[in-house]
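Asks: Kindly generate the complete structure, drawing on both the sequences and the hints.
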Amino acid sequence: MSLAYYPGCTLKTKARNLEEPAVASLQALGLELEEMSRWNCCGAAYSLADDDLIHQVAPVRNLVRVQELGKNRLVTLCAVCLNTLKRANLVMRDDGEKRNAVNSFMNEEPDYGGEVEVVHLLEVLRDDIGWQTLAERIKRPLRDMRLAPYYGCTLLRPRDVAIDSEQSPTILRKFIEALGAIPVDFPEFARCCGSYQVMSDPDGISEYARVILSSASSHGAEALVLTCPLCDYDLGRGQSELLKSDKDFRSMPLFYFTQLMALALGLGPEICHFELNHGDPESLLREKKLLS
Amino acid sequence: MSVTISPKRVRGDFVRHVRDISGENINLCYQCGLCSGNCPSVCKMDVSPRRIIELARLGLQEEIAESQTVWVCASCLACAVNCPRGFDLSRVMEAIRLLTLRKNLDRVRPEDVSQQERCDLPQIAMVSGFRKFTG
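Heads up: the sequence lines are chains G and Z, in that order. 191 is the number that my numbering gives to position 191 of the first sequence; each next residue is one higher, with no gaps. 1013 is the number that my numbering gives to position 13 of the second sequence; each next residue is one higher, with no gaps.
No wet-lab data here; the hints were simulated from the structure. There's no promise every hint is true.
What the hints assert, rightly or not - Under 10 Å between C-beta atoms, here's a sample of chain G residues computed to sit facing chain Z:
{"id": "1", "residue": "Gly8"}
{"id": "2", "residue": "Lys14"}
{"id": "3", "residue": "Trp39"}
{"id": "4", "residue": "Cys41"}
{"id": "5", "residue": "Gly43"}
{"id": "6", "residue": "His55"}
{"id": "7", "residue": "Trp131"}
{"id": "8", "residue": "Pro158"}
{"id": "9", "residue": "Gln167"}
{"id": "10", "residue": "Arg191"}
{"id": "11", "residue": "Gln197"}
Said to hold, decoys possible - Simulated DEER-style distance windows between Cβ atoms:
{"id": "12", "chain 1": "G", "residue 1": "Ile129", "chain 2": "Z", "residue 2": "Leu1105", "range": "48 to 56 Å"}
{"id": "13", "chain 1": "G", "residue 1": "Pro110", "chain 2": "Z", "residue 2": "Ser1006", "range": "34 to 42 Å"}
{"id": "14", "chain 1": "Z", "residue 1": "Arg1011", "chain 2": "G", "residue 2": "Met106", "range": "18 to 26 Å"}
{"id": "15", "chain 1": "Z", "residue 1": "Pro1110", "chain 2": "G", "residue 2": "Ala135", "range": "41 to 49 Å"}
{"id": "16", "chain 1": "Z", "residue 1": "Gly1033", "chain 2": "G", "residue 2": "Ser292", "range": "50 to 58 Å"}
{"id": "17", "chain 1": "Z", "residue 1": "Leu1028", "chain 2": "G", "residue 2": "Gln27", "range": "46 to 54 Å"}
{"id": "18", "chain 1": "Z", "residue 1": "Gly1135", "chain 2": "G", "residue 2": "Gly30", "range": "43 to 51 Å"}
{"id": "19", "chain 1": "G", "residue 1": "Pro110", "chain 2": "Z", "residue 2": "Cys1032", "range": "42 to 50 Å"}
{"id": "20", "chain 1": "Z", "residue 1": "Pro1084", "chain 2": "G", "residue 2": "Glu97", "range": "24 to 32 Å"}
{"id": "21", "chain 1": "Z", "residue 1": "Leu1028", "chain 2": "G", "residue 2": "Glu287", "range": "23 to 31 Å"}
Each residue gets a CB set at the ideal place from its N, CA and C atoms; glycine is no exception.
Replies: Right under this line is the structure:
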């Protein structure tokens, strides 16, 4: 079975360590992520202005492209792309006036009415494959790894596009359990990493990282599990700064969920591109005898 | 901070623009402060999110303009999902930012981003940053 797949800009450059292990893992699980033949940037930040329809055009064009492929479901890996595409889709489905205005503006495109379902890869793993099946396919269980699930903002907020409960999500916890690792709950699982504030206040980003990473560490986590390239950048950059400025700060590896899945499925570590991770993720993996 | 409240300002263009751009009814807020309590950026703000709503609905544009708060907001929506009145403050923050950006007053100038930063920053940071900080 093949699933229409939207990668987004960052997965083709800085976050190949999010994309490549995902594509390989899905193949190993018998599903193909079929990258859309044409796609454009989703806009990366959903417009919160009621009178700003022009920024809905970019995500909606991608959804039109999905329909052209004869598909009605679109899979994303990047949490921000998921949020932007899904929210734009809801506007087109639920707001007749805005739908007409966007369709009228894109007059060279077929009319679109929000028919495509936008899902995150974690939902495919939960709903299409199932945790039990994933657990049965694991060849190299991540035994004794204490992993903190970090959702960030865009997988869980706002509620109408959330992939799980905003207050008490379990999807990443169950994913971690399926890989044979130990999930470590911590209260800052959905606290903002600082997001685009890294553009206006790069030095200030480390304070967000300090709260999130210190909390995970004090609850016993050895590493953080991520789904978003912006979280990865902000937390990684913040952590590097903290290591220079605070001798008491304890750093921890940051992994994309897809890297850990590929490793647990027995795929070669080269597909995980650990060299693109911040810091030194491989020492922990060697310590756990998951890498030689 | 002492402020002067007048019916003229409350009924003025600023309040109307904020309402129209945000699509939110700012009079829903009853000032419980859960937005400020849940905001991960509040320690970096000079005026709390709760107070921004109050200043906005009183039409106190100059007091808001003097504050850095709307530029510190990361649109994480922690305020919105915790509001007992179903009010989305992140949309009001966006409306106030846009009232500045739409005058071509950019908060971050693309030419000021160093070559090193351009190489380091992932596209997702640059696209979302320029979306929020440029007009």
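Asks: Work down the list of hints and note, for each, if the structure agrees.
Replies: Comparing the hints with the structure gives:
no.: 1; hint: Gly8; result: holds (8 Å)
no.: 2; hint: Lys14; result: holds (4 Å)
no.: 3; hint: Trp39; result: violated (14 Å)
no.: 4; hint: Cys41; result: holds (6 Å)
no.: 5; hint: Gly43; result: holds (7 Å)
no.: 6; hint: His55; result: holds (7 Å)
no.: 7; hint: Trp131; result: violated (26 Å)
no.: 8; hint: Pro158; result: holds (6 Å)
no.: 9; hint: Gln167; result: holds (8 Å)
no.: 10; hint: Arg191; result: holds (5 Å)
no.: 11; hint: Gln197; result: holds (5 Å)
no.: 12; hint: G:Ile129 x Z:Leu1105: 48 to 56 Å; result: holds (50 Å)
no.: 13; hint: G:Pro110 x Z:Ser1006: 34 to 42 Å; result: violated (52 Å)
no.: 14; hint: Z:Arg1011 x G:Met106: 18 to 26 Å; result: violated (38 Å)
no.: 15; hint: Z:Pro1110 x G:Ala135: 41 to 49 Å; result: holds (47 Å)
no.: 16; hint: Z:Gly1033 x G:Ser292: 50 to 58 Å; result: holds (54 Å)
no.: 17; hint: Z:Leu1028 x G:Gln27: 46 to 54 Å; result: holds (50 Å)
no.: 18; hint: Z:Gly1135 x G:Gly30: 43 to 51 Å; result: holds (48 Å)
no.: 19; hint: G:Pro110 x Z:Cys1032: 42 to 50 Å; result: holds (46 Å)
no.: 20; hint: Z:Pro1084 x G:Glu97: 24 to 32 Å; result: holds (29 Å)
no.: 21; hint: Z:Leu1028 x G:Glu287: 23 to 31 Å; result: violated (53 Å)
Hints 3, 7, 13, 14, 21, counting from the list given before, are not met by this structure.
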